[in-house]
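Asks: What follows is each chain in one-letter form.
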Amino acid sequence: MNAIALASAPPAAMRRRLWIERFTGLGFVLPAFILLALTILLPLVVLLLLSVTNYEFGGVSADWLGFKNYAKALADPVIRRAVVNTLVYVAIVVPGGVFGALLIAILVQRRRKTRSLYEVIYFLPVTSTLIAMATVWQFLLHPSLGPVNAVLKWFGFGQIAFLSEPSTALATLAVIGIWQLLGFNMILFLAGLTAIPRDLYEAAEIDGCAGGIDRFLTITWPLLGPTTMFVIVTTMITAFKIFDTVAVMTRGGPIGSTEVLLYNIYLEGFQYFHTGYAAALTFIFLAFILVFSAVQTFALDKKVHY
Amino acid sequence: MAEIALPAAGPVAAPITPAGAIARRLFSLVLIHGILIAGAIFMLLPFVWMLITSIKPPSEIFNAEISLWPKQFYGVENYSFALSKAPLLRFALNGVILCVGILVVQLLVAIPCAYALAKLRFPGRDALFVLVLLGLCIPVQVPAMPLYIALAELGLLNTYFSMMVPFFLSVFAIFLFRQFFRSFPDDIIHAARLDGMSEFEIVWRIVTPSAWPAIAAFSVFSAVAHWNDLYWPLIVISDAKLAPPPLGMMFFADAETGSNYGALTAAATILTAPLVIAFLIARRRFIDGITMTGVK
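Line by line, the protein sequences give chains A and B.
Under numbering that gives the first Met the number 0, the first residue of the first sequence is numbered 0, with each subsequent residue one higher.
Under numbering that gives the first Met the number 0, the first residue of the second sequence is numbered 0, with each subsequent residue one higher.
Accuracy of the hints is not assured; some may be wrong.
[Claimed, not checked] Per label pair, the in silico range of CB-to-CB distance:
1. A:Q108 x B:M196: 28 to 34 Å
2. B:R181 x A:Q108: 49 to 55 Å
3. B:R181 x A:R21: 46 to 52 Å
4. A:Q108 x B:D186: 21 to 27 Å
5. A:S166 x B:R89: 18 to 24 Å
6. A:G255 x B:W211: 48 to 54 Å
7. A:K71 x B:E152: 36 to 42 Å
8. B:P208 x A:D75: 52 to 58 Å
Because the hints were derived from the structure by calculation, they are not lab data.
What you are looking at is a predicted structure, and each value in this text was computed from that prediction instead of being measured.
Cβ coordinates follow ideal geometry from the N, Cα and C atoms, glycine included.
All chains should be built: construct the whole structure from the sequences, respecting the hints.
Replies: Here it is as structure tokens:
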């Protein structure tokens with residue numbers, strides 16, 4: 000009898016310890032879980048329900064539409080154009096923002112005295128308020144008052160109304176997008192470059208890879224693969240969420256040439272209050288983001304098995 | 000990372016004369032700095048132009064001739080006009096309130112949760128972690144409409160609370176801190192328990208201080224993101240008194256119809272300055288912070 004009591008004493012203490020751990024664990028995650036439920040999970044469910052109705056914010060009733068909102072969105076020429084514009088924007092920002100940053104990172108990394116100066120200069124746009132800087136860009140690119148056109152004129156080119164010309168507006172916004180995130184990507188690449196062991200370069204030199212381009216192709220590029228993949232995907236996601244510069248500089252114009260998906264969702268949802276339709280558009284937006292994120296997960300998996 | 004297989008020895012580089020080597024080195028230096036300086040001009044041009052325009056008189060701004068330095072210093076007029084026309088300092092203060100409010104709640108919520116996910120065993124832990132990972136893929140624009148409807152129904156639009164609430168939970172902070180806490184030695188936690196410390200004390204007095212680099216990094220990341228965010232404030236705030244910097248700038252630009260560039264650039268300077276100055280002072284912290292939050 001006595002022996003059993005003795006033997007069960009430590010497990011009892013242990014069980015007590017486990018109970019404490021369980022309760023503190025649950026208690027610690029509770030606030031986060033409540034917020035998760037209220038600000039992400041529940042809104043997602045509500046959004047899903049809204050997307051199958053014709054509810055309009057402020058209205059009293061709503062009818063069940065099934066997937067009509069989605070069908071409408073997929074057939075809507077405005078939305079199609081917005082998706083195409085967004086993808087074109089991504090297609091300009093990603094190569095420019097990623098490979099530009101890679102080039103700058105490689106050049107900056109080998110500077111000893113000037114490295115931190117260049118880092119600060121290139122990083123400055125990341126911390127600046129894009130909306131405020133967008134106003135400055137507008138002025139810089141002004142057809143008659145801006146210095147960019149003055150320089151173009153000096154070189155003998157004609158005047159370009161960058162932001163009011165349908166053929167150049169989206170590309171101009173993309174250049175501003177590159178300007179904003181190049182420094183961020185450069186910092187990520189610098190971190191990746193620092194992780195490459197120096198002796199690999201020395202070994203390569205012994206093996207006859209003397210030139211910079213040789214070194215880059217045999218060592219830097221393959222070893223930087225995971226970083227590059229990560230930077231490409233985050234840049235894709237950031238670029239896909241373009242909204243600020245459109246909202247301030249062009250409002251989708253001229254003639255819809257800079258209408259992008261998020262701006263249309265904003266207009267439908269919060270200006271025209273076509274809530275149900277905007278909910279369906281939001282899911283289309285989310286689908287793109289999830290595809291990009293899936294690519295990222297896949298890429299990070301590869302990083303482990305590299 | 001595993002080592003890569005180096006290609007078999009290629010053609011041996013031809014011997015280079017010292018003079019040729021120096022010439023080549025000089026050439027590559029000029030090329031490298033040429034590219035870097037050209038890029039730096041592209042990066043800095045808007046900032047330089049903003050500062051110059053903000054001290055130019057209208058006559059020089061609207062002059063077709065481009066001058067780098069104003070002939071007449073007009074900074075006082077531009078800045079005082081901008082400050083009198085819109086509550087710019089109020090916008091900046093709103094930005095501070097917004098960032099601090101969001102950050103404090105984010106840390107209070109995320110730190111215990113991350114500790115529990117990293118170090119405690121409780122039912123539902125893995126499921127919660129999966130939710131956190133899924134939450135990482137959902138940008139705020141997705142739950143925005145239901146949140147807006149709920150806030151409108153509750154009569155909470157146009158409040159600081161409405162501006163902050165979608166960001167109180169940062170799944171990213173939970174994820175980042177969990178990674179950090181996992182490497183915290185279990186022995187120290189056991190010893191603290193034997194000393195009779197409660198889990199609450201262990202989190203805030205032992206584990207949190209050790210995670211200072213991650214917390215600093217996250218704070219920088221969070222402040223930069225919310226100081227500059229336009230989308231959500233644009234939706235819930237219509238009262239200019241509550242506008243954070245980007246929305247304030249938008250109101251100001253709309254009111255000015257984009258013609259008074261001197262005042263506009265003065266306003267842009269005032270609203271961009273706080274974060275840029277903070278960055279210039281703590282630039283290592285900023286860059287490390289963004290790197291850490293970016294890479295992990």
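Asks: None of the hints should be skipped; say for each whether it holds.
Replies: To see whether the hints hold, each was checked on the structure:
| no. | hint | in the structure |
| --- | --- | --- |
| 1 | A:Q108 x B:M196: 28 to 34 Å | violated, 45 Å |
| 2 | B:R181 x A:Q108: 49 to 55 Å | violated, 31 Å |
| 3 | B:R181 x A:R21: 46 to 52 Å | violated, 19 Å |
| 4 | A:Q108 x B:D186: 21 to 27 Å | violated, 39 Å |
| 5 | A:S166 x B:R89: 18 to 24 Å | violated, 41 Å |
| 6 | A:G255 x B:W211: 48 to 54 Å | holds, 49 Å |
| 7 | A:K71 x B:E152: 36 to 42 Å | violated, 27 Å |
| 8 | B:P208 x A:D75: 52 to 58 Å | holds, 54 Å |
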